[in-house]
Amino acid sequence: MASSKPKARANKSTKTFAKSSGEAFNTPAPVAPVALQEPAEPETVVEKKLITPPPGSKARPMVRGAPTKSVAGQKGATPEIDSKLEHNLAKQPPRALNSPIRIFQIYFEAWQRELLDPAFYPLDNSRGNSELMEFAVFEQLQKNAATDGASLWGALSWRFGEKTGMQGSDWVKQILDHPGHDVYFCNPHVHNEAIFHNMWLQGETSHPNFIEIVKAFFLAAGLDDKEISALHPSSGYSAANYFVATPVFWGKFIPFVRKTLVAADKKLNPTVRDILHSKVADDKALHGGATYVPFIVERLFGYFMRTEGKDLKAYKIALPERERELNVHLKLLREMKDVAHRTQSAWLAACWVNYRNLYLSQTNSKAWCEKYLRLITPTEVRFV
Amino acid sequence: MDFECISALKLSSKRWRVDGPIMVMPYTDESLATQAGALASRRSSAKGLLLGIHDQARQGFVACVNQAFAASESAWFGYMAQDAFAGRDWMALALQALHKQRAVLLGFNDGKWHGALASFGLASRSWALANYADGAFFYSHYLRHYADTELTVLAHQVAGYVYQPDSVLIEVDWAKDASPVHAPDRAMYQQRITSGFEGKVTDPRLLAMFA
Chain A
1 MASSKPKARA NKSTKTFAKS SGEAFNTPAP VAPVALQEPA EPETVVEKKL
51 ITPPPGSKAR PMVRGAPTKS VAGQKGATPE IDSKLEHNLA KQPPRALNSP
101 IRIFQIYFEA WQRELLDPAF YPLDNSRGNS ELMEFAVFEQ LQKNAATDGA
151 SLWGALSWRF GEKTGMQGSD WVKQILDHPG HDVYFCNPHV HNEAIFHNMW
201 LQGETSHPNF IEIVKAFFLA AGLDDKEISA LHPSSGYSAA NYFVATPVFW
251 GKFIPFVRKT LVAADKKLNP TVRDILHSKV ADDKALHGGA TYVPFIVERL
301 FGYFMRTEGK DLKAYKIALP ERERELNVHL KLLREMKDVA HRTQSAWLAA
351 CWVNYRNLYL SQTNSKAWCE KYLRLITPTE VRFV
Chain B
1 MDFECISALK LSSKRWRVDG PIMVMPYTDE SLATQAGALA SRRSSAKGLL
51 LGIHDQARQG FVACVNQAFA ASESAWFGYM AQDAFAGRDW MALALQALHK
101 QRAVLLGFND GKWHGALASF GLASRSWALA NYADGAFFYS HYLRHYADTE
151 LTVLAHQVAG YVYQPDSVLI EVDWAKDASP VHAPDRAMYQ QRITSGFEGK
201 VTDPRLLAMF A
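Going down the list, the protein sequences come from chains A and B. Residue 295 in the working numbering sits at position 295 of the first sequence; the count goes up by one each step and never skips. Residue 28 in the working numbering sits at position 28 of the second sequence; the count goes up by one each step and never skips.
Errors might be hidden in some of the hints.
Estimated spans, in silico, between C-beta atoms of each pair [what the hints assert, rightly or not]:
| id | chain 1 | residue 1 | chain 2 | residue 2 | range |
| --- | --- | --- | --- | --- | --- |
| 1 | A | T271 | B | G199 | 43 to 53 Å |
| 2 | A | K143 | B | V172 | 45 to 55 Å |
| 3 | A | R342 | B | A211 | 51 to 61 Å |
No lab work stands behind these hints, which were simulated from the structure alone. The C-beta atom is built at its ideal place from N, Cα and C for all residues, glycine as well.
Please work from the sequences and hints to get the whole structure.
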C-alpha cells in the first residue's frame, strides 16, 4: 500500500535484535542459561569468566580461567581424570540446577528464546501438546530430577517479561525479601481486580458461555459453586499460572487439580464434557486454540488456597509496571471493592457494582455492554 | 510459515484458524505472488500461515484484507502485497519486537517509509477488532490507499506502534514513485482527520502527521 509522505516521522522504534539462532532445544531436561557457558574467543589464550551463582544461591561469584582452543590444541599428556569426580558429575544435574530456587521458563519456538529471561532456566516445550498446557509442565517437573532438592520451583511462560514488566532477577529478589511462604504468585492483569467480582466472571467476557460451563464443572467436581458469583478480594487474583512454590505446595496443588479434573470428567454430561474439551473456548484463536480446561485450571488456584490449601502461606508479588497502567477509576474501583469485602458491606458492594457498570459502559461499546453486563453482574451480593 | 494460495471467492465459504500469525497477501499476478509467498514462507522462521488471496474480481486490497480478517482466527494478523521481498527471519523478528514492546501494530521495513507507517504490517487481532464498529481490520471505505496510514495513526494514539528495521518486507515496485495516490482515498483520509477518526485520535501531532 502507499500513502502520502508524512510530515513527521514516527520516533518509536525498537533496538536492533539479534537474529534467532534457529538452534533446536529438544532435550527433555531444562538447560542452564547459556551465559554461563559461552565459548572463549579463539584469539585469547585464557579467558577469565565470571561465574555468577544462580538466583537464590548463597555462593559468591567466582572467576575461573577457561581453556581456549589454542590451549586445548597444544600437544602434551592429558592428565588422568579422577574417576570419582567423573562419576559424581555424571550423577548430578548441571551446576546451575543446584540452586534452591529453580524457575523454568517455557518456550515453544526458536524465536521466543530471544525473549527469555537470563535468571530463569529455558525449558523447550515445543513438543508439548497437552490440553492442560502449563499445568502439564508442572506435573512433569514435579516428577523430574530437575526439581529435586529445590526449596522453591515454578515454570513461567516465555511472555513473563512482557506480561509482568519485571525482570526475573527482580522477581527472585521479591521472593528472597519475603521468605517463609509456600507460594509466590502475581496477577499480570491487574485491571480485572477492579472491574470483575472474580476471575470466573471475568472469564465470561473472554470465553463463550464460560460461566455455564464452569457451573457444570463445579457441580460435577463437587466444588462449591458460590465461589463463582461471590466478591473476591484483589489479593487473591492471579492469572497466567505464574507460581513459584515449595514442594509442599506442589504436592497438594497438583493432586487437587488432577482430582478435580478427573471427577468433573467422570460426572459431566457428555455434551458439556465435549464442549469443555473443545476449542470453542478460544473462538478467536488468541490462546493457541486452547480448550476450556486450562482456563478453568488457572482459576482454581484461588479456590484451592481457600480450601485444601488454606494452611499454606501465599505471597502476592506486586507488579509496579502494571499498577502504573491503572487509571484513577480503576484504582478507586479496586479499593472500593476491597473495602466492601473487608467490611462485608453489601451496601458498598452495590455501590461498587453501580460505579463499575458506569465505567464499563463508558469504556466499552454498546454491543459489548448489552452482551456482557447482565452476565457478569450477579443479582445477590456474597463474599468469599 | 505455511503458504497457501486461494481465490478471494473462498473467503466467504471457508475459515482459517491458526495458532501463530496469519499474514495475508492479496494478489492479481499469480507468478509474482507465488514467488514472493514462497520466499516469505521459507524465511519467516516462525509458525503461522501466509495466505495468498487471488483478487480475480479486482475488489481491491482493502476489501480482500478485510474479508480475510473476518474469515480467520489468530492472535496476530498482517498484510503484505504480491511485490514484497522478504528478508531473513522477518516474521520471527516482528513477533519478538511486538512482544518485547507490548505493541499492537508493527511496521515492516518496506524500504520506503523508514517505519513511519506500516505499509506492510502485523497487528494484534484483539486490538484491531476493537477499532471499528463493524469489526473490520481496515476502515472499509478506503479502496487501495490510506487504510494502512489510518491504522498506523490509531496504533500511535495508544502508544502501540513498533518498527523493527531488521524485519524486512521490501516493496519491489519499479514504478512505485511514478504511480499516483488514489485521490478518493486521500479525500477520505482528509475527511476522517476532521473527526479524529471518530474520536479515536486526539493528539493533534498524529492528526497532522500524514495530512
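Consistency of the hints with the structure:
1. A beta carbon spacing of about 44 Å between A/T271 and B/G199 agrees with the range 43 to 53 Å that was offered as a hint.
2. Between A/K143 and B/V172 the Cβ separation comes to about 53 Å, which falls inside the hinted range of 45 to 55 Å.
3. In this structure the supplied range 51 to 61 Å holds for A/R342 paired with B/A211, their Cβ-Cβ distance being about 52 Å.
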